[in-house]
Structure formats: C-alpha cells, structure tokens
Amino acid sequence: AQTVTQSQPEMSVQEAETVTLSCTYDTSENNYYLFWYKQPPSRQMILVIRQEAYKQQNATENRFSVNFQKAAKSFSLKISDSQLGDTAMYFCAFTGLSGAGSYQLTFGKGTKLSVIP
Amino acid sequence: DTEVTQTPKHLVMGMTNKKSLKCEQHMGHRAMYWYKQKAKKPPELMFVYSYEKLSINESVPSRFSPECPNSSLLNLHLHALQPEDSALYLCASSQDGRGWVSPLHFGNGTRLTVT
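Chains as they are written, first to last, in this note's numbering: chain A, 3 to 119; chain B, 1078 to 1192.
It is worth saying that the hints were derived from the structure and are not from the lab. As the structure is a computational prediction, the values presented were derived from the model and not from experiment. Heads up, the beta-carbon is just placed ideally off N, CA and C, and yes, glycines get one too. Wrong hints could be hidden among the right ones.
What the hints assert, rightly or not - Under the rule of at most 20 Å between Cα atoms (straight-line distance), these lysine to aspartate or glutamate pairs were calculated in the EDC-like manner:
# : chain 1 : residue 1 : chain 2 : residue 2
1 : B       : K1118     : A       : D88
2 : B       : K1118     : A       : E12
3 : B       : K1099     : B       : E1080
4 : B       : K1118     : B       : E1144
As the list claims (entries may be wrong) - Residues on chain B that point at chain A, a partial pick, calculated with CB under 7 Å:
# : residue
5 : L1122
6 : N1185
7 : G1186
Just chain A, with the same shape it has in the complex (with noise of 0.2 Å):
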C-alpha cells in the first residue's frame, strides 16, 4: 500500500517571497507519478503541478516547482514570489500504474498555506 506524507500541517509566508511545502511517500512501485493540488476556500481541487516517477528533471509550472529525489522518496513544492491568491489547502498525491490502485489518488492530509500581505 502506498502512503503520503506531509509533515506540515500549516504554514505562512509573506507575499513575494519563496515557501516549500514538503511531501514524502512509500511505495514499492517503481512507475509513478506524484501530483500537488490545491484546494483554495472555493472548495475546488485544481492540479498545480504533475512529476512522472521515471523524468530526473524537476516539472515546473510558472512559479511552481518540485523538488522531486526518487531515491529518497521526497516530492517537494517551491512556490516562488507567494501571491495572496496561493492561500489554499495544499496536497500532495501519488498514482502508481499497476494493480488495482492505478484509477486512485492516495493524498496527502494536506499543508494549509498562507500567503500574509
């Protein structure tokens, strides 16, 4: 079974400047792929950034980007020059490809982020 962690329930940052919102996960799967999405207080679940397991390079998306180490079962978010609009639940999420599990997200409990004017 596949677990995600994140270790940080909630954060602040202050408008404009850098935050890292940590994530690592457990698996015996070696095809994967990792996703970070947020849920601001509309309720939506919006995808900010997707990582495939086998690309050594890092996904970015605008000021969103992933520190992903394989081998250290590490999926981190770097959000660059915070907006108040970031302010949002964010949570990391793991697809394998293989077995029963491969249509399943297994999330994360989420970092509340907040972005301080």
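Dock chain B against chain A, hints included.
Below, chain B alone, put in the same frame as chain A:
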C-alpha cells in the same frame, strides 16, 4: 470557472429524505469520480466510472447509489443518510480511467448536511 459543474452547491436533508447530487462535464472525459471530503481532511474516493461503467466501488454503504446516465453526467443518489455522512462531496473527471496520464478535473463540490 470550473469545467466540472456540480449541483446543488449546498444541500440540507433529513435522515429519511431521498435526494440526488448531480455532476456534469463537457470536456469529453470518459472517467468520472465521486469523492467524499470531511473538514480538514483529504478527499476519499467513493466511486469511479470508466466509459460509463462502474469500475470501482470503495466499499461505500448502499445508502449511496451512483448512476452514470451518459458520458457527461454523473449522479449520486442519497437515501437514509446518517449525520456522519455530512461532508463535501466532490465530483471529478479525467480523459480516461488512467488517472496518472490524464489528471483529474474537480468540481466545486456539494456541501451536504444531514440533520
């Protein structure tokens, strides 16, 4: 604007009521999902429909009954719910059932309160 539309946004129902949650997408996605999310918790998968066929039922009580009339619509029929079923119910869709290839698009959810 969300591309997955859920109605209603809020629902209050008694334990003897029958109600339905609706979800609609017009992105041509062939997989649709129901998740349940309690406050300050991650979403929990309930059901997956792939090509309009139920492919996953995560041991959900029979008082929750999903229905996929066509590839664009997904319903969740509710009957004889318990107060502990109060939660945010999220619908999602993806291009196909391979969630790793085609990431999920979520709706804004229905906030359900059972009294």
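Holds or violated: B:K1099 with B:E1080, Cα cutoff 20 Å? Holds. B:K1099 to B:E1080 sits at ~14 Å (cutoff 20 Å).
Is B:K1118 close enough to A:E12, meaning Cα to Cα at most 20 Å? With Cα atoms ~13 Å apart, B:K1118 and A:E12 stay inside 20 Å; holds.
Pair hint B:K1118 and B:E1144, alpha-carbon separation not exceeding 20 Å: 26 Å, violated
Identify whether the interface hint at B:L1122 stands, where standing means a beta carbon of chain A within less than 7 Å of its own. 6 Å, holds
Proposed interface contact between B:N1185 and chain A, which counts if any beta carbon pair is under 7 Å: 5 Å, holds
Interface hint status, B:G1186 versus chain A (Cβ within 7 Å): With Cβ-Cβ at 5 Å, under 7 Å, it holds.
Given the hinted pair B:K1118 and A:D88, is their Cα-Cα distance within 20 Å? Holds, at roughly 19 Å.
Consistency with the previously given hints fails for number 4 only.
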